[in-house]
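Position chain B against the provided structure of chain A, taking the given hints into account.
2 protein chains.
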Amino acid sequence: MKAEIIAVGSELLTPDHIDTNSLYLTQRVCEAGGSVHFKTVVGDEIGEIIDALRAALDRSDLVLVSGGLGPTVDDRTRTAAARALGRPLRTDARVLGALRQKFADRGFRMNENNERQAEVIEGAEILDNPRGTAPGMWIEEKGHFLVLLPGPPRELQPMFEAAVLPKIRNLGGGERLACRSLHVTGIAESELDARIAPIYTAYPGVQATVLAGTHHIAVHLNRWIAAGEGEGALDELVSRIHAELGDAVFSTAGETMEEVVGRLLRESGQTLAVAESCTAGMLGARITRVAGSSTYFLGGVLCYSNESKQTLCAVPEEVLRRHGAVSAETAEALARGVRRALASSIGLSVTGIAGPGGGSEEKPVGLVHIGISDGERTASRQRILAGDRESVRERSTALALDLLRRFLMRAGEDG
Amino acid sequence: MKAEIIAVGSELLTPDHIDTNSLYLTQRVCEAGGSVHFKTVVGDEIGEIIDALRAALDRSDLVLVSGGLGPTVDDRTRTAAARALGRPLRTDARVLGALRQKFADRGFRMNENNERQAEVIEGAEILDNPRGTAPGMWIEEKGHFLVLLPGPPRELQPMFEAAVLPKIRNLGGGERLACRSLHVTGIAESELDARIAPIYTAYPGVQATVLAGTHHIAVHLNRWIAAGEGEGALDELVSRIHAELGDAVFSTAGETMEEVVGRLLRESGQTLAVAESCTAGMLGARITRVAGSSTYFLGGVLCYSNESKQTLCAVPEEVLRRHGAVSAETAEALARGVRRALASSIGLSVTGIAGPGGGSEEKPVGLVHIGISDGERTASRQRILAGDRESVRERSTALALDLLRRFLMRAGEDG
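So the sequences go chain by chain: A and B. This note's numbering applies: residue 1 is where the first sequence begins, and numbers increase by one. This note's numbering applies: residue 416 is where the second sequence begins, and numbers increase by one.
Just chain A, with the same shape it has in the complex:
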């Protein structure tokens, strides 16, 4: 079932507003077995609303429209839909009576504008609005379905749940969308796609999307499953992609990186402390997004100045002078130092040049060193990261979490 969503309202075409109803509607439509393939935002210009409705009815099985059902002259969705369908608009006595009652209940007198909300398109099924005044409509047109919904989410959502969702489920015919995802790190988006495209393209019907986020790359794999059909092919595809990418895949269960390292720390009974220079708290903030992280995260040090690296993490002045604050030697000394300062099992450190200033030919903006130590083993990793100040800091944080993950996995294998 191909669905599309139209949001009506000139305020949604200003810099300050965005259509968020479509996120809710997309979620519900997918769960009911549909897929959304177009979203449109259109203003209060009646000709443009009519054009948008006609184009949508032409190409989609289900068209969900939000907004423009209110009492003001700007609210033109009813009129536009009537014209797009070539059907008359008539005042419905039952709706009008219910409207009058709602106003009376609140002690208001209904004005003429509000009577417009009792206008109904011929042949439409009326959808009650328990939380507001404008009723919705469900209209069938040559095997396509047009649904008019009020704009405010607190009116739209209960109406959709009660009156629209059951109808959509019936239309779906038992098909459902099965979804899998792999979360990947430490590999460029283009290289990743080049490696996995030969695998997923061999599975007909699978829609694959590679999405690079701030924290990791997500590979989404979706496939329509008919009633009675299993999801074995999709699971097999996930296994093959996982085998190709190896431990660059950190989760196939939708976990975030901080959840994965949290689980590994908890499982191995270890505790963590961090020393952060250029990230200045991002690493700690990421780790503690996980509720219950206090069982393995003890704390850390934000060593933004050289003095704080010496006084709080016992980095020898000699190391800072000879190798500089951004160096493998300092990163390792910070990891060892913060581990001792907080008496944790593992110390993890980040030091780098986030920019825009502070770079040199030898040590450019984007250079970062990550250090890790468990008292017996101490290691570090160096990278030059692209992007602006905030991106370098975000990526440094991701790199530190990934080094920790690999360190914990290797320790698990050794033991």
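Hints should not be assumed to be uniformly reliable.
[Unchecked claim] Simulated restraints, written as ranges between beta carbons of each label pair:
| no. | chain 1 | residue 1 | chain 2 | residue 2 | range |
| --- | --- | --- | --- | --- | --- |
| 1 | A | Asp-128 | B | Thr-616 | 25 to 35 Å |
| 2 | B | Glu-460 | A | Gly-254 | 24 to 34 Å |
| 3 | B | Asp-543 | A | Arg-263 | 52 to 62 Å |
[Stated by the list, open to error] Listed below are several chain A residues computed to face chain B (Cβ distance under 10 Å; list not exhaustive):
| no. | residue |
| --- | --- |
| 4 | Leu-13 |
| 5 | Ser-22 |
| 6 | Asp-51 |
| 7 | Arg-59 |
| 8 | Gly-132 |
| 9 | Thr-133 |
| 10 | Phe-145 |
| 11 | Ala-280 |
| 12 | Arg-289 |
| 13 | Ala-341 |
| 14 | Leu-342 |
| 15 | Arg-389 |
| 16 | Glu-390 |
Just so you know, the hints here were simulated from the structure itself, not pulled from any lab data. We put the CB at the ideal spot given by N, CA and C, even for glycine.
Relative to chain A, chain B alone:
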């Protein structure tokens, strides 16, 4: 000038993603004298992208397209635009050379997929992408303009500012949208609107929007200005709202809170250290978003465990035992302790219960204490914050920055 915006990408048709580029683009187009009358989101299906492009070019003077210019087979905007226009796509030697150089600079070898990014539509003007690999394009077609832009905001925005905005300004008529904003903190959205609505409604033609974000509330005031007309009325309105709200307004110049406290610290020649319990790094990360913050931010301590509060910030065991880790006494001891530990002018601390667990009747989830000390004066503030774990942490961070701002402003008045 009628503009419209198309966002390309199947991920924008899932429940998890929304097109935010269109907010930025709408703002800029309005400032340049255009108006946006359609927004469309379309997936990676090439036929649907072509249809969307054709419909848009038909009805709009300016069509801005974001996304789908990357290296993967999912990135189909280039091909779709070429077909919609009926023009060939050719590999551009200069673009290809520049791409190869970008990869070489980072020490990577370019694979075949990336070469697709050097394909250019015949007659297109190439728009450089200093922050990424995919170049943009500016194409004229029968008096209409089609602009292809990369999806990531950090690539799209600089490209738009440098290469697209000057062209759009040339196309525009003379009317322009004048915009002002006030950044406000420490006041509820509904109370704020109730206090300022009587003021802004007295200014005809002004569109006022009150927008509550994670970090603060923004009041946006926009008004269309004809050629030759001044912006005095808008400035007067800003002054009147500022007078009503007093020091709850922290900026009328678009500054973030971390920029404001950074400026106050720099101006007064003071340095800062932070002790973070429940926020575990968020405060340090916010403060150091500002380039050059190392001149006033020395570092801090993430004291997630009780032991770390004692060992790193010298909070007396007696204080923790009698008053608990989340108390005014501990917050003040942390502020004093971290100030001494890092030898800074000011110490700032946060301790609270972020949830979802850990609350009690006496100390509920959301309870937070902020402490501040400059060695002479020590103060603290208590609040119970609403929201989930992450919201409580974000709001605690905002509260700490605001306490610091008020502390620095008062100190300025005293001296």
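Right, here's what the structure says about each hint:
no., hint, in the structure
1, A:Asp-128 - B:Thr-616: 25 to 35 Å, "34 Å, holds"
2, B:Glu-460 - A:Gly-254: 24 to 34 Å, "26 Å, holds"
3, B:Asp-543 - A:Arg-263: 52 to 62 Å, "44 Å, violated"
4, Leu-13, "5 Å, holds"
5, Ser-22, "8 Å, holds"
6, Asp-51, "8 Å, holds"
7, Arg-59, "8 Å, holds"
8, Gly-132, "19 Å, violated"
9, Thr-133, "22 Å, violated"
10, Phe-145, "19 Å, violated"
11, Ala-280, "4 Å, holds"
12, Arg-289, "6 Å, holds"
13, Ala-341, "7 Å, holds"
14, Leu-342, "6 Å, holds"
15, Arg-389, "6 Å, holds"
16, Glu-390, "6 Å, holds"
Of the numbered hints stated above, those contradicted by the structure are hints 3, 8, 9, 10, listed in ascending order.
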